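> For the record, the sequence lines run as chains A and B.
Position 421 of the first sequence, counting from 1, maps to 421 under full-length UniProt numbering, and the rest follow consecutively.
Position 386 of the second sequence, counting from 1, maps to 386 under full-length UniProt numbering, and the rest follow consecutively.
The hints are simulated quantities; they were obtained by calculation from the structure and are not laboratory data.
Predicted model, so just to flag it, every value in this text is computed and none were measured.
Take the hints with a grain of salt, since some may be wrong.
Since the list gives no way to pick out one identical chain from another, each pair is judged satisfied if it fits inside one copy or across any two copies.
Claimed, not checked - In silico DSSO-like pairs for lysine-lysine, Cα to Cα no more than 27 angstroms straight-line:
1) Lys237 / Lys496
2) Lys407 / Lys95
3) Lys342 / Lys318
4) Lys337 / Lys367
5) Lys337 / Lys388
6) Lys317 / Lys94
7) Lys238 / Lys388
8) Lys342 / Lys388
9) Lys337 / Lys490
10) Lys98 / Lys407
11) Lys317 / Lys274
12) Lys356 / Lys337
13) Lys508 / Lys8
14) Lys8 / Lys367
15) Lys388 / Lys367
16) Lys496 / Lys383
17) Lys367 / Lys342
18) Lys40 / Lys400
19) Lys292 / Lys8
20) Lys367 / Lys400
21) Lys367 / Lys383
22) Lys400 / Lys237
23) Lys3 / Lys292
24) Lys238 / Lys296
25) Lys3 / Lys296
There are 2 protein chains.
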Amino acid sequence: MIKSPLQKARSQYIPKLPQSLEESVSLITGEASESVADQKAIKDMFPHTYGLPLVTFAPGEFSENQILNVGVVLSGGQAPGGHNVISGLFDALKKLNKKNQLYGFIGGPDGLLNNSFIELDEDIVDEYRNTGGFDIIGSGRTKIEDEASYDLVIGNCLKNDINALVIVGGDDSNTNACVLAEYFKEKNVGIQVIGCPKTIDGDLKNDFIETSFGFDTACKVYSELIGNIQRDANSAKKYWHFIKLMGRSASHISLECALKTQPNIAIISEEIEKYKLTLNKIVGQIAEIVKKRANKGENFGTVLIPEGLVEFMPSIKKLIAELNDILASKPEYYLLKTNQEKRALITEALSEESAKVYSSLPDSFAKQLTFDRDPHGNVQVSKIETEKLLIDMVTDRLAKDQSFQGKFNAQNHFFGYEGRCAAPSNFDADYCYSLGYTAALLINAGKTGYMAFIKNTAQSSENWIAGGVPITMMMNLERRNGYVKPVIQKALVDLKGNPFLVFRSKRKEWASNTSYIYPGPIQYFGPGEVCDAPSETLLLEKESLLQEEPVTV
Amino acid sequence: MIKSPLQKARSQYIPKLPQSLEESVSLITGEASESVADQKAIKDMFPHTYGLPLVTFAPGEFSENQILNVGVVLSGGQAPGGHNVISGLFDALKKLNKKNQLYGFIGGPDGLLNNSFIELDEDIVDEYRNTGGFDIIGSGRTKIEDEASYDLVIGNCLKNDINALVIVGGDDSNTNACVLAEYFKEKNVGIQVIGCPKTIDGDLKNDFIETSFGFDTACKVYSELIGNIQRDANSAKKYWHFIKLMGRSASHISLECALKTQPNIAIISEEIEKYKLTLNKIVGQIAEIVKKRANKGENFGTVLIPEGLVEFMPSIKKLIAELNDILASKPEYYLLKTNQEKRALITEALSEESAKVYSSLPDSFAKQLTFDRDPHGNVQVSKIETEKLLIDMVTDRLAKDQSFQGKFNAQNHFFGYEGRCAAPSNFDADYCYSLGYTAALLINAGKTGYMAFIKNTAQSSENWIAGGVPITMMMNLERRNGYVKPVIQKALVDLKGNPFLVFRSKRKEWASNTSYIYPGPIQYFGPGEVCDAPSETLLLEKESLLQEEPVTV
Chain A
1 MIKSPLQKAR SQYIPKLPQS LEESVSLITG EASESVADQK AIKDMFPHTY GLPLVTFAPG
61 EFSENQILNV GVVLSGGQAP GGHNVISGLF DALKKLNKKN QLYGFIGGPD GLLNNSFIEL
121 DEDIVDEYRN TGGFDIIGSG RTKIEDEASY DLVIGNCLKN DINALVIVGG DDSNTNACVL
181 AEYFKEKNVG IQVIGCPKTI DGDLKNDFIE TSFGFDTACK VYSELIGNIQ RDANSAKKYW
241 HFIKLMGRSA SHISLECALK TQPNIAIISE EIEKYKLTLN KIVGQIAEIV KKRANKGENF
301 GTVLIPEGLV EFMPSIKKLI AELNDILASK PEYYLLKTNQ EKRALITEAL SEESAKVYSS
361 LPDSFAKQLT FDRDPHGNVQ VSKIETEKLL IDMVTDRLAK DQSFQGKFNA QNHFFGYEGR
421 CAAPSNFDAD YCYSLGYTAA LLINAGKTGY MAFIKNTAQS SENWIAGGVP ITMMMNLERR
481 NGYVKPVIQK ALVDLKGNPF LVFRSKRKEW ASNTSYIYPG PIQYFGPGEV CDAPSETLLL
541 EKESLLQEEP VTV
Chain B
1 MIKSPLQKAR SQYIPKLPQS LEESVSLITG EASESVADQK AIKDMFPHTY GLPLVTFAPG
61 EFSENQILNV GVVLSGGQAP GGHNVISGLF DALKKLNKKN QLYGFIGGPD GLLNNSFIEL
121 DEDIVDEYRN TGGFDIIGSG RTKIEDEASY DLVIGNCLKN DINALVIVGG DDSNTNACVL
181 AEYFKEKNVG IQVIGCPKTI DGDLKNDFIE TSFGFDTACK VYSELIGNIQ RDANSAKKYW
241 HFIKLMGRSA SHISLECALK TQPNIAIISE EIEKYKLTLN KIVGQIAEIV KKRANKGENF
301 GTVLIPEGLV EFMPSIKKLI AELNDILASK PEYYLLKTNQ EKRALITEAL SEESAKVYSS
361 LPDSFAKQLT FDRDPHGNVQ VSKIETEKLL IDMVTDRLAK DQSFQGKFNA QNHFFGYEGR
421 CAAPSNFDAD YCYSLGYTAA LLINAGKTGY MAFIKNTAQS SENWIAGGVP ITMMMNLERR
481 NGYVKPVIQK ALVDLKGNPF LVFRSKRKEW ASNTSYIYPG PIQYFGPGEV CDAPSETLLL
541 EKESLLQEEP VTV
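Here chain A stands alone, though its shape is the one from the complex (with noise of 0.2 angstroms):
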């Protein structure tokens, strides 16, 4: 494998552990915990996992246990970090115990079922530190769901004398674990499970949780680009430029981005749905900026639009759901030739209210509505290009709006895979290795339905707190396809939020103002407030929380 300069340099670095786990360590247990609703429901749920105590680690006598066999799985979408959690789980084994191995599972979940792995050693790992992507063992999105297979999973374990399993993923992945891990104990096979908080959306964080990790270098990779295209707008004069941005269930990486970056306009679809904005009126506004801006001679600006915004419209949700019936029921749509006689078949079926929406809709997006459909013939709303349909609303307002003196020409980006596995900045890379350090003190303190987690993180890393927190305390119900289940809370953007909070006291100005920040590339070897700085995000939640209330743990 040839490596680049960054590459090579890079292999060198060294992650920054909190300072309580540079020598041995001893657990301090908390109080029981509870889940943060739907107490009881869970609690019958997880009756083996459920009100165990929180954990945390602090400088101590050293116990060493049994010989650790784990097992490691990366679920889900990448995110920069993976490998660096995977080295801080080699090292920490490797520290407790020479004889202790690491085992790697290949292609997520998949890899446990059909026992599927390798075995991690020094070279490998090696190979892998600091660096983004999850090809050392690679990623899948299959669930273990069934019980089946948490047989078979169990059954690989018991064969390769595996007794611990780390399983890195979002918070469907760490319900998963925790229903494994409940499984595990229920069945009395001694097989430990501990989660790993991973997503760039950012969206699995709660009390215990600061941040998911992966989200500060993508959304470092995305205001890096951001940035540079306000440059050439802000040069070129000519331009204004739609940038979709991934998140689909939140809108923390557009906030993020925001806050970075300070764009003439980003959108927050959680507030959209919150004041039920429908997406004429959401057009309206950027149109009224945008001749805000070209009154003072500016044509040019920049909009960030989170990938879900179309689903947390409910004119749009709505229409959507009316059109995934009408295509099903209606096979004589697909044999009509002309778009007119098409969209004329479906706004006839369409209630009066979603009739509206559509027949304002363009011609390009309402295709798009119609025409991709997934196997189970649903809309794919992850294949709308929302960017595109924004623009061409836009135009088509401003066109028609005869007090419009501007120009208006834009282009559109989106950026999505250019940061899912982007290597991690210092502080992913910092925040992966004590988690997967933290990991494997877990399994060594016997533990199982826990997620690791680093607390302080807005702080510098020595004052970093290590611990575990019972996934069961994270859980509610809610449905999902149909189905009441215990998960993870996911956490949108809290409009109450400092973050949030922030955005909306400048946003006005930025609209109007060319107020453009250039946040340039990641950088690893300079100074520490370039290189070591976290998201805008965490030290702004940070910063009201300790207005509130000092942390503790």
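Assemble the complex: chain A is given as a structure, and chain B must be docked to it using the hints.
Quick look at chain B alone, frame taken from chain A:
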């Protein structure tokens, strides 16, 4: 203006100058020059600026001349480093004589015509050192090409006591700079004109200009993103990523990024043109590689596509020309309702050869060719989504290929605006600063009709050689828009050059294996091999040159 931590840290960077420029310099005059071709005609067109000698600067006696009032113009598309050309120019002017002044014309050549400028003093220049973008004074694409305009420029310069202009631009703008220099000399108005070689596309280079500025940085940004996407492809193992890159007239960017990242496929337009490859042939070749990788279980990959590809395919070029004529002469086309009818009308009017090509195109692409037309009725080639076209056609091809057992899912990307205004790499920061510095020295030496150059740029900056090359020396006659004009020869990818040959020798291996390199983001503070390396293209070109003959001026 709020600055990011990196902007603040980076503003302290002191660009490296060629050692020969660090103290006072004297001018070394070389032999009289000749143009690269059409010597007689170019000489007739440029009687006052033809045949001037190549000049270089060496340590020596400092000769103070008259007080210099210099105007600088940024022309055409943005390129990283423009601000450093200005800071180099400023610092050299002030070093020569504290009374020298620098003025920046606003919004490109328009500023010269409108007499719109600002004084660039220390405060302003300091604000923009080592930053990306052209926003210090803006840029523009206006061409100054008739005598009335030349006279307007003279009037404005004389009015403001400006005795020299520095024009920062690509081949067109520098040709224009030379036309102005010639006219000013003919009119004996005492206004000098010096050019600087700018373009991220890398197609302004020759024996004297080793590289155009901005190319290095832009390619590094694109390569960062391609590397990240490749890491994602290799982790998720489920997508082929089709990545279009800027570069309409030449494929240097695609070639450089390929050398940096080792993708599975990189298309070089110049090769397509030379071997008259059709779209179908290209699609067939991509499909073959997809199949080969699928047979090894690798249903993922990357394809780099230069923006100008379709214009290099003779058959598509011919088709586009015919379509332009047909649509201009058959307005009834626009009254037809169905796609089928439209395609039938066009097919009938096309030549047999073009009809065959047209019938092979997917609907979406056929529509782009016939719908989006510029004000002159021509297809807007830059809006053609070649990356999507190739995905559609490869999908189609594989669907019909019963021997294909793999999966083919693709994502498309286009990178352009992400890199044009990035903050310059150390190479571009140093190179641009030195170019600006040299431009001031050329003015001080009384030169006009020259382009500033820096040679030996593949070596460390202490060995760089600074000088000026007569712009006429790079000219030949070409037919452009129906007229034969003197222009600076565009440098296409040399199919016999070392960069392409190295690429060609490796691409078979890159296609079937997964040989990705992950360059990561531009670094400013780390080890030299990470921060200071010039482009692969430059290194490989110089490598072959060194084998043939030593570099001399």
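> With identical chains treated as interchangeable, where does the CA-CA distance between Lys342 and Lys388 reach 27 angstroms or less: within a copy, between copies, both, or neither?
both (22 angstroms within a copy, 25 angstroms between copies)
> For Lys337 and Lys490, with the copy left unspecified, which applies at a CA distance of at most 27 angstroms: within, between, both, or neither?
neither (44 angstroms within a copy, 48 angstroms between copies)
> Have a look at Lys337 and Lys367 and pick one of within, between, both or neither, based on CA distance no larger than 27 angstroms.
Result: close both inside a copy and across copies, 13 angstroms intra and 17 angstroms inter.
> How would you classify Lys238 and Lys388 at a CA-CA limit of 27 angstroms: within, between, both, or neither?
both (17 angstroms within a copy, 25 angstroms between copies)
> Could you figure out if Lys400 and Lys237 sit no more than 27 angstroms apart (CA to CA) within one copy, between two copies, both or neither?
Answer is within: at 23 angstroms inside a copy they meet the 27 angstroms cutoff, but 47 angstroms across does not.
> Have a look at Lys388 and Lys367 and pick one of within, between, both or neither, based on CA distance no larger than 27 angstroms.
Classified as both; 13 angstroms inside a copy, 17 angstroms across copies.
> Within a copy, between copies, both or neither: which one fits Lys3 and Lys292 at a CA-CA cutoff of 27 angstroms?
between (49 angstroms within a copy, 25 angstroms between copies)
> Checking Lys40 and Lys400: alpha-carbon separation at most 27 angstroms within a copy, between copies, both or neither?
Answer is neither; intra-copy 58 angstroms and inter-copy 56 angstroms both fail.
> Please sort Lys367 with Lys383 into within, between, both or neither, judging by C-alpha distance up to 27 angstroms.
Both. Shortest intra-copy (12 angstroms) and inter-copy (20 angstroms) distances satisfy the 27 angstroms Cα cut-off.
> With 27 angstroms as the alpha-carbon cut-off, assign the pair Lys508 and Lys8 to within, between, both or neither.
Answer is between; shortest inter-copy Cα gap is 26 angstroms, intra-copy 45 angstroms.
> At 27 angstroms max between alpha carbons, let me know whether Lys407 reaches Lys95 within a copy, between copies, both or neither.
Classified as neither: same-chain Cα gap 64 angstroms, cross-chain 43 angstroms, threshold 27 angstroms.
> Could you figure out if Lys337 and Lys388 sit no more than 27 angstroms apart (CA to CA) within one copy, between two copies, both or neither?
For Lys337 and Lys388, both the intra-copy (25 angstroms) and inter-copy (24 angstroms) Cα distances are at most 27 angstroms.
In this structure, the earlier hints numbered 1, 2, 6, 9, 10, 14, 16, 18, 19 are contradicted, and the remaining ones agree with it.
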